[in-house]
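Given the sequences, and given the hints that come with them, work out the whole structure.
There are 4 protein chains.
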Amino acid sequence: MTDESMHDHMINRFDTISPLDYRYYGDDPGFFEALQPYVSETANIRYMLRVELALVRALVHFGICPSSVEFQVEAACKEITAEEVYKEEHKVHHNIRALVNCIRERIPIEHRSYVHLFATSNDIMDTAYSLRYKELTRNVLLPRLIEFERELIFLARKYKDQLQIGRTHGQHAVPTTFGYALSWYVSRLGSRIQAIDSAHKNLRGKLSGAVGAFNALSLQDNADPTIFESEVLNRLGLVASPTSVSTQLVEPEYLTDLVYAVTSCFSVLANFADDIRNLVRTEIGELTDCYEEHQVGSSTMPHKINPKNFENVKSLWKEFMPRMMTMFMDQISEHQRDLTNSASLRFQPELFTGFCYAVSRLSGGMKKISINESRMQENFEMTKDKIVAEPLYIILALQKFPDAYDVTMRLSRQSQREGTNLLDLAEADPILGPILSEISPEHKALLKDSSLYIGDAPGRVDATCDKWELEIDMISNRLKAEQKDAVLREQLDHALAV
Amino acid sequence: MTDESMHDHMINRFDTISPLDYRYYGDDPGFFEALQPYVSETANIRYMLRVELALVRALVHFGICPSSVEFQVEAACKEITAEEVYKEEHKVHHNIRALVNCIRERIPIEHRSYVHLFATSNDIMDTAYSLRYKELTRNVLLPRLIEFERELIFLARKYKDQLQIGRTHGQHAVPTTFGYALSWYVSRLGSRIQAIDSAHKNLRGKLSGAVGAFNALSLQDNADPTIFESEVLNRLGLVASPTSVSTQLVEPEYLTDLVYAVTSCFSVLANFADDIRNLVRTEIGELTDCYEEHQVGSSTMPHKINPKNFENVKSLWKEFMPRMMTMFMDQISEHQRDLTNSASLRFQPELFTGFCYAVSRLSGGMKKISINESRMQENFEMTKDKIVAEPLYIILALQKFPDAYDVTMRLSRQSQREGTNLLDLAEADPILGPILSEISPEHKALLKDSSLYIGDAPGRVDATCDKWELEIDMISNRLKAEQKDAVLREQLDHALAV
Amino acid sequence: MTDESMHDHMINRFDTISPLDYRYYGDDPGFFEALQPYVSETANIRYMLRVELALVRALVHFGICPSSVEFQVEAACKEITAEEVYKEEHKVHHNIRALVNCIRERIPIEHRSYVHLFATSNDIMDTAYSLRYKELTRNVLLPRLIEFERELIFLARKYKDQLQIGRTHGQHAVPTTFGYALSWYVSRLGSRIQAIDSAHKNLRGKLSGAVGAFNALSLQDNADPTIFESEVLNRLGLVASPTSVSTQLVEPEYLTDLVYAVTSCFSVLANFADDIRNLVRTEIGELTDCYEEHQVGSSTMPHKINPKNFENVKSLWKEFMPRMMTMFMDQISEHQRDLTNSASLRFQPELFTGFCYAVSRLSGGMKKISINESRMQENFEMTKDKIVAEPLYIILALQKFPDAYDVTMRLSRQSQREGTNLLDLAEADPILGPILSEISPEHKALLKDSSLYIGDAPGRVDATCDKWELEIDMISNRLKAEQKDAVLREQLDHALAV
Amino acid sequence: MTDESMHDHMINRFDTISPLDYRYYGDDPGFFEALQPYVSETANIRYMLRVELALVRALVHFGICPSSVEFQVEAACKEITAEEVYKEEHKVHHNIRALVNCIRERIPIEHRSYVHLFATSNDIMDTAYSLRYKELTRNVLLPRLIEFERELIFLARKYKDQLQIGRTHGQHAVPTTFGYALSWYVSRLGSRIQAIDSAHKNLRGKLSGAVGAFNALSLQDNADPTIFESEVLNRLGLVASPTSVSTQLVEPEYLTDLVYAVTSCFSVLANFADDIRNLVRTEIGELTDCYEEHQVGSSTMPHKINPKNFENVKSLWKEFMPRMMTMFMDQISEHQRDLTNSASLRFQPELFTGFCYAVSRLSGGMKKISINESRMQENFEMTKDKIVAEPLYIILALQKFPDAYDVTMRLSRQSQREGTNLLDLAEADPILGPILSEISPEHKALLKDSSLYIGDAPGRVDATCDKWELEIDMISNRLKAEQKDAVLREQLDHALAV
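Chains as they are written, first to last, in our numbering: chain A, 1 to 498; chain B, 1001 to 1498; chain C, 2001 to 2498; chain D, 3001 to 3498.
Be a bit skeptical, because a hint or two may be false.
To give a feel for the contact side, a few chain C residues facing chain B, derived at Cβ under 10 Å [as the list claims (entries may be wrong)]:
hint : residue
1    : Arg2013
2    : Asp2015
3    : Pro2019
4    : Phe2032
5    : Thr2042
6    : Gln2072
7    : Glu2079
8    : Ala2082
9    : Ala2210
10   : Gly2297
11   : Lys2318
12   : Leu2345
13   : Leu2432
14   : Leu2436
15   : Ile2439
Computed footprint of chain D on chain B; a stretch qualifies when at least three of its residues, placed anywhere within it, have a C-beta under 8 Å from a C-beta of chain D [as the list claims (entries may be wrong)]:
hint : stretch
16   : 1170-1180
17   : 1277-1284
18   : 1335-1343
19   : 1469-1476
Listed next, the stretches of chain C that the computed footprint assigns to chain D, with coverage defined by at least 3 CB atoms under 8 Å from CB atoms of chain D [to be verified]:
hint : stretch
20   : 2259-2265
21   : 2270-2281
22   : 2379-2385
Since the hints were made in silico from the structure, they are not lab data. Where a beta carbon is used, it is the ideal one built from N, C-alpha and C, also for glycine.
In structure tokens:
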């Protein structure tokens, strides 16, 4: 490319505005390479060219245009750059006409009328968006989420027996295990992976023209226009709405469902990040962030080490979650379309990028976290005598003692007031004492040692990890098979073209 | 009940704050009766009592408590009023303990310890919420939506051939039919009905105790605690999370999915309302609101008749759509629970009520709308000569004329500038004229009369209405069968209890 | 009133949907009495009647109607109930026409044409809304906020010297005092009180008719119609937009500003509630919730005491904060008005109610909080040796030691790794040792005892409390004077009328 | 700079994700040049360097460090690039420590300890943010808004007498003038300019250290640390919070207020854009978009010309309005700070950029709009006979006819049913006829010609335009004076440094 002013196409990354562009995506070569084929404007144009090419292939398929056009358009599409399309757009003030002109000028004049034939701009754009988000989700987003899910499963199993005090309202409740606390996220993340998987498979394309009634395609004799639409979309691995109904737009709900699935999964990540942040609090200290040699925690407090990966994830959630409202507003478009979604739709790839980045931050962050088992034990011991209240009350109730709850609460308050041991108080009580002497050895042991009171936590960990490992294996295998199919289809199309 | 001050339990409806309470729900007896069993605080308490009762039944089932307790608790639950529970709550400062106390004081002292045994408050609350929203959706919300969908299907079919100009950007584009414009909503609403149906079936309960690890239930010898949980939930027509994983909370994503499905459907309703509002604009006038004899349109302009039903629906969408953000924030709860969702969860029934009300307003509103076919024709005729541009360009392209688009645009601008007829210009053109003389009679006729250029609109109407009629019939039949089952289960439980 | 069905006007409070109605406002007699005159539908109607009356008074003032009408309308307004207006609305399907009819039927036929003369419905409604929110803010919301601010000032001063470890990222940073932590909220709340005060004073009314051009009023000969508008509004303590510009609506920004001021203040309350919740965590324990004798903390864990007031405030914030989006959407209204704000505006009083309730919960909650000074000391001592890192590095830097930060970080990490004392390490260091032996006695003492390292915390407390005490005294006095004025104006109007 | 991989610092603009970066800002050289100094990451780093420099200058001022350091740091700051800072950050994993290191390595080793002395990272960051947004608002955002306001004032005056039918509910109401409709926006935009102006002046900085208690600064003997803070901030044209209270953060409300002012102004722009879009609807046609020669309106419909500037503005509003929620969430930060605002704060410049862009689009869009006076007249004439209803009813009422409204409504409906003329019906009425024969000639004329019924529209235009012209002149002059002052201060500082 030429060496003109920076406004041509090269820009200093730090002159960009979006932190995605200068920092989270633009500053991380691996992340950039993984995402650029889907989320950049270059990608957007490449996807639209793929749709234009699929349209021409369908024209050839139905004998509407000579088969040589397919090869010519394919060659043209390979050459076209985003820069060139933008230059043309500055002339014609229309982004798709610009794209079309860039193709047209590369092919013989007698074939130019076949380019974009029957299509309205939004046939190309909506179809390209669907394809782009579908492949982004299949090729990057879901594999990363699945990887993180596997990491969580590993940790949950590893710590399935690790005693941890359960906390409700920030107060010590009754014990659980650290592995069980993690398996809560294994399950929630698993359900979101399924939701994202379902939604991305359900994205749709269209080729029904300016008002969705197949006006233009109906000019083609004797053809059911939805068959032509199917031919175009199937080449891209897409389908239309069930009955090919549309306006100028694909029904917005398909994309809305995906945006929702991603956003609701983002909340699960944010919740996880919050839990980690709380566990690394100085006073709790059950987890510790391990830092690299030269890493600085604070510019003025040399002793600080901060859970910044987890703060970052929560912060990104705060940035991206409200954008769901934009999508809800974009579900509304007057009549056959009002185009007040033109700018806002362009911002959608940011959500997917921010989300993928958050997954990577969490995954990377967890690798640097060390579990402080002794602090878990110490924290448990702070209240181990008090939390006996629940099993004590239930054991009494199982012994048919009628006011088990109230009596236990009274003794519990007394023990807190006096700093005495609750179980001792109960055993010394003239009514409760005799009852307690009758209970089973297992119950006795548990009341003596409330660390035994972890219920079925380890069993739930096993069940949960087994189930979700199976589920994500199935999804993962299917995604890989689909990726392979997509590559084959592309090769086949190309072979036929040549 | 006693006749004390109004703060006891009776309140002047106009002293309430929520427009739902004093106006939309409280002021409409039919709507009130339909919704009160699900959305009121009375309903909330009734549902929690049902869960407490199911828990006792399970205790009996497993032989943990004597079978007479079931009958005693059932009788108690029938008597308990919301007022009474609130009075008790004022004493103990805990809503579920208050509920439990109200049951306990009605049964023999020796059986009291079985009430609420093994349960934490939120086992009751989350399970009751799920049950409540499930039955509300199944019994009221979905049937109303389905009825509205049927009305739309009827209208779409009726007007499937009714010519209407398609509008993009508010500008005349190319023709469609009014029925096809409606079938866009048939399809979108249909997909939302499916989404709401899926989400409501997927609501879950729990009985896993204070931190979700089945700590209390594990005190019961030799029992897999998840079997006990299943027994309780199945009696209510519910299940637990796939592997019975939880914290103090059911995974929030199940409810979030339903709230999303409803909210995204609300956007479809709002879009529909906007389209209607635009079509009744004085200058467009394709639809007219028919008013009753004494109805006032404006307090100062006696000639005004306003599309207030449709304005109301849009306005309710503006009120309720942002509340999805509250749900996203409520997905986040620290550790085993932080209870910062205590108040916000209480507001959730408002969304369902507002949504049901909007469906009724739309449905009622559409019944008063008359379709002004002559205005549709007049509006079409405003631009019938100009919109020929699209078929003209495509027909030329199909004749292999290379610059069909650009030439047509040039002529189109010329015709607008000069006020001349585009087709005349094209036919008079030395290059285009000969080409146009070669085209098929069908194409000729269509260029002469652009009202023929409606594509496959009627065909799409048929396909769409047929498909969705079938789909909603299936859903509707299944819902009815489930309602019947629920009644039978309740009767059976009762019979066993007696 | 008659004793017909409950749908007449009396409703069981627990049959309402909104938790405001059945629980937060409806269940708290004191709160109900304070708020009902502003936030109920009864209040809404009363305020609209006040505007209608002010309009008639202005007609009398300008000699357009006989002075007796004023008295007749005043008497009518006193009698009219919300129930009656709603009954009439069911007939005429227009809320303001219903209101007007209720007045008209109470006055002599020959005077009826003066009622509502020149006004469009929204002249009445928008003016009534402004008046209602103005008086609600002045009479209830600001006084309660100011009272809470005074409580915070008291606490901040009381604990201005109470050592507390400062926490950033949840990690121990350097010390502060508990009083200073509170004065952060004194200042933030103070600034929000000013913002709410400014916004509520700036609410506006209008009397410019159906499209805001004073069309109707201009039928009155020789009069500048804005003078008439001023006369009406001034009687209510309001003014119009600066140049009396309007459409059917008052410029929505005046109300938006108030909604924003309240919402941004709500965030400050939520932040405060979060801080308290964290400080009562079991592991931190610097604050403790004191509970009443019979209060239950958990329905299954008798030992639990939870910070439920503070959880409730955070939860209410989650419910109400997103509603700001509704207000932003309601800023948009097509042309002279589109009425898609009709329902959403009716929900606005809920924000004010929820906010007032949150202030009361916080204020009440703080009264039950006890400060655990020994836990503050213990927590500080956890890291007192480590946090020396910051003063150590700065003292070294002040001694012109060039790499003070890096060296201190290195030693700090070493001390953490080895479990040794940072200051000992520094003093033992061959380079740092000699430097440290040269520092001032004050600096030496501070490095030995990092509890001295609280900076200017007490001084900032004094300055902050002094300033804001003065500011809120001024606001408070002005509000009281305005309340007195309002009463006097009302009495005067009445005297003139009689 | 070196010529390494693209991940160094140069990036293909079309490989960015944000539409701001590749399209709205990055693709528009003029816009880029105007905004880059404020909204880019380069700008962010430049502003932070300015704060570091101001800090060193204050150290010199108070004799804490030698005056030569100021010159050394100033020289260093000029050289430092964003790229370099990011490279260093990759090593130390801390953005501000990286910045500090870049300064330090450029100055003599014996002076390095003065760099960043007493400061915590966020002293630099929050102060730099405030300064950046203040200067962006003062230098770019407000001047552009003011220019647009002037354009609106010009148009409002030009069309102050241009008859236009007023529309409420999309229905013809009573007449107004096009100039008056515009002056509604003159006033609303004027009030928002004032709000933005107030908020930007009120942004604050801080230099109070890690927990806001001036811990570090208090190590400096005998100094009131707030004086030192003032010295630093005043050099930047900023002040601290009233009593210098802070945590690690400046009180977030100052920025929240500005974000709100901008967002609420954005809604006014969106409302304006909606009104324009409606007026260019084919059926209304009162405004027309004038297009350039080669501009394409649709890729398939050569006849289309679309209001895309106005659609774009509405779309941007949908994108940016919900982000206010992020700011509300960022008001909340635990204790002395939790850093979950680290990422979200970085996205804030996007709002300002999107807003500035929207102002430019609107301003540019309005220049291409032509006003179609004949269509305004035609549209008015559609209902000119019907809208007489309002003046007719009021004139009757002024004649003391008691049921003026109801009678007029009845006749109005009759006229609509029968297609007859309302005034004719009224004059033919045995009761109304005689009354109408008595009314003033002016009223008679107005009833005959409802185009006279425009009230005080032209007078309100004059008053509104005069007022706001004055107000914005004052603001504009003040802003220019402040810009001049800022340049002088910078020069003076530099002179002193050299």
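Hints, verified against the model:
1. Arg2013: 5 Å, holds
2. Asp2015: 5 Å, holds
3. Pro2019: This interface hint holds because 4 Å falls under the 10 Å limit.
4. Phe2032: 7 Å, holds
5. Thr2042: It holds, given that the least Cβ distance between Thr2042/C and chain B is near 4 Å, below 10 Å.
6. Gln2072: Violated: closest Cβ of chain B sits about 20 Å from Gln2072/C, beyond 10 Å.
7. Glu2079: 15 Å, violated
8. Ala2082: Hint on Ala2082/C: holds, closest Cβ of chain B at ~4 Å, below 10 Å.
9. Ala2210: 5 Å, holds
10. Gly2297: Since the shortest Cβ distance to chain B is 7 Å, the answer is holds.
11. Lys2318: Since the shortest Cβ distance to chain B is 5 Å, the answer is holds.
12. Leu2345: 8 Å, holds
13. Leu2432: 42 Å, violated
14. Leu2436: 43 Å, violated
15. Ile2439: 43 Å, violated
16. 1170-1180: It holds: at least three residues are needed, and the stretch 1170-1180 of chain B offers 5 whose Cβ sits within less than 8 Å of chain D.
17. 1277-1284: holds (count 7)
18. 1335-1343: With 0 residues in contact (Cβ-Cβ under 8 Å with chain D), the coverage given for the stretch 1335-1343 of chain B is violated.
19. 1469-1476: Three-residue rule not met by the stretch 1469-1476 of chain B, so violated; n is 0.
20. 2259-2265: Our answer is that it holds, as 3 residues pass the Cβ test (under 8 Å) against chain D, meeting three.
21. 2270-2281: holds (count 5)
22. 2379-2385: violated (count 0)
Of the hints listed earlier, those the structure fails to meet are numbers 6, 7, 13, 14, 15, 18, 19, 22, in rising order.
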